[in-house]
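The listed protein sequences derive, respectively, from chains R and A. Position 85, counted from 1, in the first sequence is what our numbering calls 69; the numbers after and before it change by one each time, with no gaps. Position 79, counted from 1, in the second sequence is what our numbering calls 63; the numbers after and before it change by one each time, with no gaps.
Calculated from the structure, these hints are not laboratory results. Because the structure is a prediction, the values reported are computed rather than measured. Incorrect hints may have been included.
To be verified - Take a look, some chain R residues computed to stay more than 12 Å from chain A by CB distance:
hint, residue
1, V19
2, L32
3, T62
4, T63
5, K83
6, S89
7, A120
8, G123
9, V146
10, Q149
11, R151
12, G163
Claimed, not checked - Interface residues of chain R toward chain A, partial, derived using beta-carbon atoms under 10 Å:
hint, residue
13, H84
14, E87
15, A162
Said to hold, decoys possible - Chain A regions said to be covered by chain R (calculated; three or more residues, Cβ under 8 Å):
hint, segment
16, 66 to 76
17, 137 to 146
18, 149 to 158
Heads up, the beta-carbon is just placed ideally off N, CA and C, and yes, glycines get one too.
There are 2 protein chains.
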Amino acid sequence: MARYLYDLCGRDERLRFSPYCWRVRMALAHKGLSVETVPWRFTDKQALAFADYDKVPVLCDGEQVVTDSYDILCYLDTTYPEAPLLGEGLAKQRVLFFKHFVERSVTPSLFRIVALDLFQAVHPDDRDYFRTTREARFGCTLEEFHDPERGRAELQKVLAPVREQLRSAPFIDGDSPAGADYLLFGSAMWVHCVSREPWTTPGDPVDAWFERMLDLHDGLARNAFTIRDLD
Amino acid sequence: MARYLYDLCGRDERLRFSPYCWRVRMALAHKGLSVETVPWRFTDKQALAFADYDKVPVLCDGEQVVTDSYDILCYLDTTYPEAPLLGEGLAKQRVLFFKHFVERSVTPSLFRIVALDLFQAVHPDDRDYFRTTREARFGCTLEEFHDPERGRAELQKVLAPVREQLRSAPFIDGDSPAGADYLLFGSAMWVHCVSREPWTTPGDPVDAWFERMLDLHDGLARNAFTIRDLD
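Chain R with its partners taken away, still in its complex shape:
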């Protein structure tokens, strides 16, 4: 059965840095499902018309079309119940909180660290779109928003509960990784792929976790093309 994932690409087609697409790529690997990625750019709205959606990730799983990264994780758990990502009942309700934590608390601080690197990473044809949408969201220019030092200081505080969690287990979800790990890891890959700015400190449990995550699933993320491969 053919399985395709529409995946954001940057100024080089091999540069894939969407945090939402990384969640899904790791989740598919977690389920042992192979996928072919289809490079997509922000302004390529027409390419997604078939899905009645205007953003990635979009997963085509045989006849099934699923949009939105979190809905894709739900879909994967329902369709391929082995090795749960989100789980059910209280587990699912609590990973939804973790999703909000990543999106509302972690991601904005990471954005401060890499705003201008991200701008450089997107395709030149996409840059106007990227700048306009992000500046409207922040209420200031990308140049004003970009502040790696402030981002790192915020992140240091925001990640305190993650750091504490990782003192008692190798993964956020315990002895092995699951949905919560992939939700945070997606945002970490976003930074890792487009920037050389450090966002963790050696010796921090979060740093050791990130290294472990890079190695999962035959080094899927470790082998990702990054800005370092472009120079």
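Given chain R, put chain A in place with the hints provided.
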């Protein structure tokens, strides 16, 4: 079977404001278990010697003595498995993250809002102990740490994922309250019992959640004695 909970009291014996004791009182009510509280003060270390512990809560459940609020919640789930508080597997791992979130991110901001109110709420004989231990932890005086406006600004950001979670369900743990709700609610009661400082804003989903929590279990928390009853 006799069941006792050693519970921190303040300058009035009816004033009970420990966030860790409130977690346990709500958890016991959640399980439908009655309990008799034993008022305890910070410097009353001798009274807890039987438990080989120097803080509250301490639960005496018949012959069983259990210390530490989180361990008590675990004990309750094991001994009284109906109506899980923490749950098992992924659910339990994720509520552990939520515990760290409450203790590392929420509680410090709440402390800024009520530091001096807390100081006034503790028993006069306990105030030296309270001041010395807290000032050592913060690295500054209580007066320097006390900053309600800054606390509220921090809290506004820190609670963003909770607010988002409460847009889709009445409780953090979904349609009905469970462990995550009680973990956060304990800290909220701490503020509510000792201070008139607002920590939520009317119209905020967190405010509506707090009101719902106050009403649970026949208004156990709604009927609590607070600083307002002292004037």
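Against chain A, does T63 (chain R) hold up as non-interface, every C-beta pair farther apart than 12 Å?
Label holds. Min Cβ-Cβ 19 Å, cutoff 12 Å.
Looking at S89 (chain R) again, its CB stays over 12 Å from all of chain A?
6 Å, violated
Checking a non-interface call: every C-beta of chain A should be farther than 12 Å from the C-beta of G123 (chain R). Is that right?
Its Cβ never comes within 12 Å of chain A, the nearest being 16 Å, so this holds.
Please verify the coverage claim for the segment 137 to 146 of chain A: does it have three or more residues whose C-beta sits within 8 Å of some C-beta in chain R?
holds (count 5)
Confirm or reject: Q149 (chain R) is not an interface residue toward chain A, with every Cβ-Cβ distance exceeding 12 Å.
5 Å, violated
Least C-beta distance from T62 (chain R) to chain A larger than 12 Å
16 Å, holds
According to the definition I'm using, a residue is off the interface if its beta carbon is farther than 12 Å from all beta carbons of the partner; does G163 (chain R) meet that for chain A?
Non-interface label on G163 (chain R) violated, nearest chain A Cβ at 8 Å vs cutoff 12 Å.
Checking a non-interface call: every C-beta of chain A should be farther than 12 Å from the C-beta of V146 (chain R). Is that right?
The claim breaks: V146 (chain R) does not keep its Cβ more than 12 Å from every Cβ of chain A (closest is about 7 Å).
Tell me if the interface restraint on H84 (chain R) is satisfied: Cβ within less than 10 Å of some Cβ in chain A.
4 Å, holds
For K83 (chain R), is the shortest CB-to-CB distance to chain A above 12 Å, so the non-interface label stands?
Violated: least Cβ distance 8 Å, not greater than 12 Å.
Does the claim that L32 (chain R) lies outside the interface with chain A hold up, using a Cβ gap greater than 12 Å?
26 Å, holds
Using Cβ atoms only, decide whether A162 (chain R) comes closer than 10 Å to chain A, and label the hint accordingly.
6 Å, holds
Comparing the model with each numbered hint stated earlier shows that hints 5, 6, 9, 10, 11, 12 do not hold.
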